[in-house]
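Enquirer: Spelled out from the first residue to the last, the chains are:
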Amino acid sequence: MESVGVEGVANEVRTDYESGKTRSLAWRRSQLKALQRLLYEEEEGMFTALKQDLGKHQAEAYRDEVGILIKSVNYALENLKKWMTPCRVPVPLLAFPTRGELVPEPLGVVLIFSSWNFPIGLSLEPLIGAIAAGNAIVLKPSELAPASSNFLAKSVPKYLDSMSVKVVRGGPDVGQKLLEQKWDKIFFTGSSRVARIVMAAAAKHLTPVAVELGGKSPAIFDSLSSARDRKVAVERIVGAKWVPCSGQVCIGVDYVLVEEQFAPILIDQLKATLEKFYPRFDCLSRIINEQHFQRLSNLIKDPSVAATIIHGGSLDSETLFIEPTILLDPPLDAEIMNEEIFGPLLPIITLKKIEDSIEFIRARPKPLVIYAFTKDEKLRSRITAETSSGSLTFNDTMIQVLSLCNLIFITPWHRSRSFHCLLVVRVRRIAIWRSGWEWVRTVPRQVLLRHVQSHESRAEEELPAGVHVPVPAMGCMEAALHAIRLPLRLRHSAPSPAGLETRLISTRSPLLLAAMITAAIICRNNRLYLPFDIINR
Amino acid sequence: MEGGFDGAGAAEVVAELRESFESGRTRSFEWRVAQLKGIARLIVEKEAEITAALDDDLAKPQIESFIGEISMVRESCRFALKELKRWMKPEKVATSVTTFPSSAKVVSEPLGVVLIISAWNYPFLLSIDPVIGAIAAGNAVVLKPSEVAPATSSFFARILPDYVDNSCIRVVEGSIPETTALLDQKFDKILYTGNARVGRIVMTAAAKHLTPVVLELGGKCPVLVDSNVDIKVATRRIVAGKWGCNSGQACIAPDYIITTKSFAPKLVDALKITLEKFYGKDPLESADLSRIVNSNHFKRLMNLLDDEKVSGTIVHGGQRNEKRLRIAPTILLDVPSDSLIMKEEVFGPLLPIVTVDELREGFGLINSKGKPLAAYLFTKDRKLEEKFVKSVSAGGMVINDTILQVTNPRLPFGGVGESGMGSYHGKFSFDAFSHKKAVLSRGFGGDVSMRYPPYTAHKQKILRGLITGNIIAVFLALIGWTRH
Numbered sequence: 001m002e003s004v005g006v007e008g009v010a011n012e013v014r015t016d017y018e019s020g021k022t023r024s025l026a027w028r029r030s031q032l033k034a035l036q037r038l039l040y041e042e043e044e045g046m047f048t049a050l051k052q053d054l055g056k057h058q059a060e061a062y063r064d065e066v067g068i069l070i071k072s073v074n075y076a077l078e079n080l081k082k083w084m085t086p087c088r089v090p091v092p093l094l095a096f097p098t099r100g101e102l103v104p105e106p107l108g109v110v111l112i113f114s115s116w117n118f119p120i121g122l123s124l125e126p127l128i129g130a131i132a133a134g135n136a137i138v139l140k141p142s143e144l145a146p147a148s149s150n151f152l153a154k155s156v157p158k159y160l161d162s163m164s165v166k167v168v169r170g171g172p173d174v175g176q177k178l179l180e181q182k183w184d185k186i187f188f189t190g191s192s193r194v195a196r197i198v199m200a201a202a203a204k205h206l207t208p209v210a211v212e213l214g215g216k217s218p219a220i221f222d223s224l225s226s227a228r229d230r231k232v233a234v235e236r237i238v239g240a241k242w243v244p245c246s247g248q249v250c251i252g253v254d255y256v257l258v259e260e261q262f263a264p265i266l267i268d269q270l271k272a273t274l275e276k277f278y279p280r281f282d283c284l285s286r287i288i289n290e291q292h293f294q295r296l297s298n299l300i301k302d303p304s305v306a307a308t309i310i311h312g313g314s315l316d317s318e319t320l321f322i323e324p325t326i327l328l329d330p331p332l333d334a335e336i337m338n339e340e341i342f343g344p345l346l347p348i349i350t351l352k353k354i355e356d357s358i359e360f361i362r363a364r365p366k367p368l369v370i371y372a373f374t375k376d377e378k379l380r381s382r383i384t385a386e387t388s389s390g391s392l393t394f395n396d397t398m399i400q401v402l403s404l405c406n407l408i409f410i411t412p413w414h415r416s417r418s419f420h421c422l423l424v425v426r427v428r429r430i431a432i433w434r435s436g437w438e439w440v441r442t443v444p445r446q447v448l449l450r451h452v453q454s455h456e457s458r459a460e461e462e463l464p465a466g467v468h469v470p471v472p473a474m475g476c477m478e479a480a481l482h483a484i485r486l487p488l489r490l491r492h493s494a495p496s497p498a499g500l501e502t503r504l505i506s507t508r509s510p511l512l513l514a515a516m517i518t519a520a521i522i523c524r525n526n527r528l529y530l531p532f533d534i535i536n537r
Numbered sequence: 001m002e003g004g005f006d007g008a009g010a011a012e013v014v015a016e017l018r019e020s021f022e023s024g025r026t027r028s029f030e031w032r033v034a035q036l037k038g039i040a041r042l043i044v045e046k047e048a049e050i051t052a053a054l055d056d057d058l059a060k061p062q063i064e065s066f067i068g069e070i071s072m073v074r075e076s077c078r079f080a081l082k083e084l085k086r087w088m089k090p091e092k093v094a095t096s097v098t099t100f101p102s103s104a105k106v107v108s109e110p111l112g113v114v115l116i117i118s119a120w121n122y123p124f125l126l127s128i129d130p131v132i133g134a135i136a137a138g139n140a141v142v143l144k145p146s147e148v149a150p151a152t153s154s155f156f157a158r159i160l161p162d163y164v165d166n167s168c169i170r171v172v173e174g175s176i177p178e179t180t181a182l183l184d185q186k187f188d189k190i191l192y193t194g195n196a197r198v199g200r201i202v203m204t205a206a207a208k209h210l211t212p213v214v215l216e217l218g219g220k221c222p223v224l225v226d227s228n229v230d231i232k233v234a235t236r237r238i239v240a241g242k243w244g245c246n247s248g249q250a251c252i253a254p255d256y257i258i259t260t261k262s263f264a265p266k267l268v269d270a271l272k273i274t275l276e277k278f279y280g281k282d283p284l285e286s287a288d289l290s291r292i293v294n295s296n297h298f299k300r301l302m303n304l305l306d307d308e309k310v311s312g313t314i315v316h317g318g319q320r321n322e323k324r325l326r327i328a329p330t331i332l333l334d335v336p337s338d339s340l341i342m343k344e345e346v347f348g349p350l351l352p353i354v355t356v357d358e359l360r361e362g363f364g365l366i367n368s369k370g371k372p373l374a375a376y377l378f379t380k381d382r383k384l385e386e387k388f389v390k391s392v393s394a395g396g397m398v399i400n401d402t403i404l405q406v407t408n409p410r411l412p413f414g415g416v417g418e419s420g421m422g423s424y425h426g427k428f429s430f431d432a433f434s435h436k437k438a439v440l441s442r443g444f445g446g447d448v449s450m451r452y453p454p455y456t457a458h459k460q461k462i463l464r465g466l467i468t469g470n471i472i473a474v475f476l477a478l479i480g481w482t483r484h
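Heads up: the sequence lines are chains A and B, in that order.
Per the UniProt record's numbering: the first sequence ends with 537, consecutive numbering throughout.
Per the UniProt record's numbering: the second sequence ends with 484, consecutive numbering throughout.
It is worth saying that the hints were derived from the structure and are not from the lab.
Remember, predicted model here, so these are calculated numbers, not experimental data.
Watch out, some of these pointers could steer you wrong.
Derived DMTMM-like pairs (lysine to aspartate or glutamate); straight-line CA-CA distance at most 20 Å [what the hints assert, rightly or not]:
hint	chain 1	residue 1	chain 2	residue 2
1	A	K182	A	D376
2	B	K105	A	E377
3	B	K266	B	D226
4	B	K105	A	D376
5	B	K208	A	E340
6	B	K459	A	E275
7	B	K208	A	E180
8	B	K459	A	D376
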């Protein structure tokens, strides 16, 4: 794309943002719902694209990308109104009478660069945050995952507002031209080398940036007395090394630290787990391209490193396949122990005492995540207090991302505060149930969730509040309700004015209403067909 | 000023501080409290010297020094000491079904070695306030005060070491070469207060090390004045915010006024009366006005004033004394929008007034410029107030007053767009200099083999339910009923 093209896109999006359209709750909601539909309806397309780009198995694609996106978009929809509400701030007595407020406002036009290893997940996840915050967006997916890039270029305009959310395809030259434009925020996922280029370019326009990079994320493996615990722990380590994208993941386990006396137990368990997970290698993603394949081959080419391989090591440049490989104590000055591996090679470093792992980690740049498998409370406190990393997970791996909505997935960059950062993740407990009876009495006014089960874009605002039953289902429902109508004070009303095929039933029986609403809430995410809708105001 | 502080000197300072930080000394609650108490003592014991330095640098009236700098720092210290324990406590967060059973919390940890580059207009406040935040968060600090305020800079270099732990907190004096040498080093965070041009230089240098930055810049802070206001109170507040703040040399001082054509004459008259009441008939002699900081800035302001497009629009003031670097409070009415004074940040005692037919046109004018650090509106019309908050973007806003947003430690102080990024004050300072580490703890039970290969169809169905947190889907999958 020529620079005029890129500039034209940037200008179009900015003009659209200036119209103020993206700021309304209605627009943000409609875009998030459209994204929900995209994720639901285009699932096959996503699986195909990911299979093509990375040989990713469907289960992996769902677990690591699609499923997480569904969770995020649902969470954003549930909390959007709350996030948008200004929050009151106490004011010192001296300033009486004064009112203080924190008002979230969108930054403007946001540029999102995504990476190739989770090409759809890492593109749409920041998009969800940016839309929820009311911004207009230009998304540049990674050219190293062309099928996913094409998928996004095709489907995003189909579902979302194509004037405010644009996808730009291309390589580094397009990226460079995009960086010359002025943005109100840039969100970048990738390597620290390119992040420096992005930040330097952003500095010219004083554009704030959020950068999600990587690092050598270690797993500390303490002695665990129970064999079952060891099995679970090793499965989780394997689950963070080879299972996601064949090790090409920023929060994957890069290397393992273990006491030398326990190393043999660990290695045996690793080999056993690998055999269990991969009787054949068809569930394993492949390396993204030849350049990375070469990079990884070079890491184990050095004879002093190759000598430490104790499992695997075979390479196939035709299919870009590298067998899960374990190394025991490669030289610490080798490249494999200084560069982020980002591939299916696992060095195991042995230490005299497990506590030495803290020093070992501190001597190196701060990683994105530290994993520690231990039941020793003292060691846990020491690791929490004395090491620094983007995040820290005990006794498991990867799962902090699946718990995305409640924890912050961050580098030292993110602030968990307001919309000035795209991923808004402040959590507050909402106590809806003050007492069971009170809830039942007041639920029609207090239920914050709206459930409209429809595949057409129905204008919610046109339907009056109450329980709506699609007419085809009326038959048996009606018959059943007829029988109990009188005691339960049910009444029918005319078909809704929107001309849609529903009939409105109101019930003043709180118990029946409570039961129906509870059922609607439970089935909401499951998309099970329910013979009625609840529409609430 | 240390002679020959070059790259090697800077590297040495940073290395020493890093070693001190790595020793873990700065992380304890006791250490942080001791440093903050040291600063509190410094304010009490050296108040006279601070006031003298500010008078030296800016001819700042004593009351302004007290209200605008010393007492603000004291408050900041006191607030941090009071709240520190609470801030340092990890925050527990809710967990989801997907990771059941687990516990999750967010731990605030210090970033490491931070660099604070401060400005010349509030040289004491803008140096020490970020230092308070950095210390509260447990970091080691390098402070580089502005060389344009040399008395205050030298005060810090001489006196601060007597009150705080020198192995972790250092002052480096100097100008461009020294600052450049510092910026070449790797810091874990940089907070810069100053102008946008240098802000870009700081951020570009930070980019080499991927160092996050907080930039407190400036902008043209507009004041919209409606005709339905209590004109006496409004003008007093505008005058205090403009000339009572270092003679207009403040990032959040009102830069220009927008008002209706019909109201403008009344406003100008009221401003004149208030100015005379505050500063007397000869404001150049008034002891209650700061002077211009140096001859460079004096010349810059003269340039704005002597611009031929605006010289005919002066309706009040305009007197100047170059030797004593003083400019009288000056009001300009109906300046053309393409004049220099309407394009650059004034940062001085000149107040242009732009008139419009209807006040809402002012919104368009404000939005056509870069987002300012603050925007002010004087009105009794609630609807106008709401529209203002919705349509104008600025770092902060005040309705019916000026500059007070910085006195509230519970409001973040920072800019957006051209006026900066990041914020501080109160807890926001603590957060600005902390890394919020997510910590998730699990046990070994509750393992879900669905995560792992070999992948079967059955596993995938259950996985779907598990990821979206849907217990029902999991149950249904287990009994074989899904949406397919």
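Enquirer: Compare the structure with the hints numbered earlier in the document and write down the numbers of the violated ones, lowest to highest.
Expert: 1, 8
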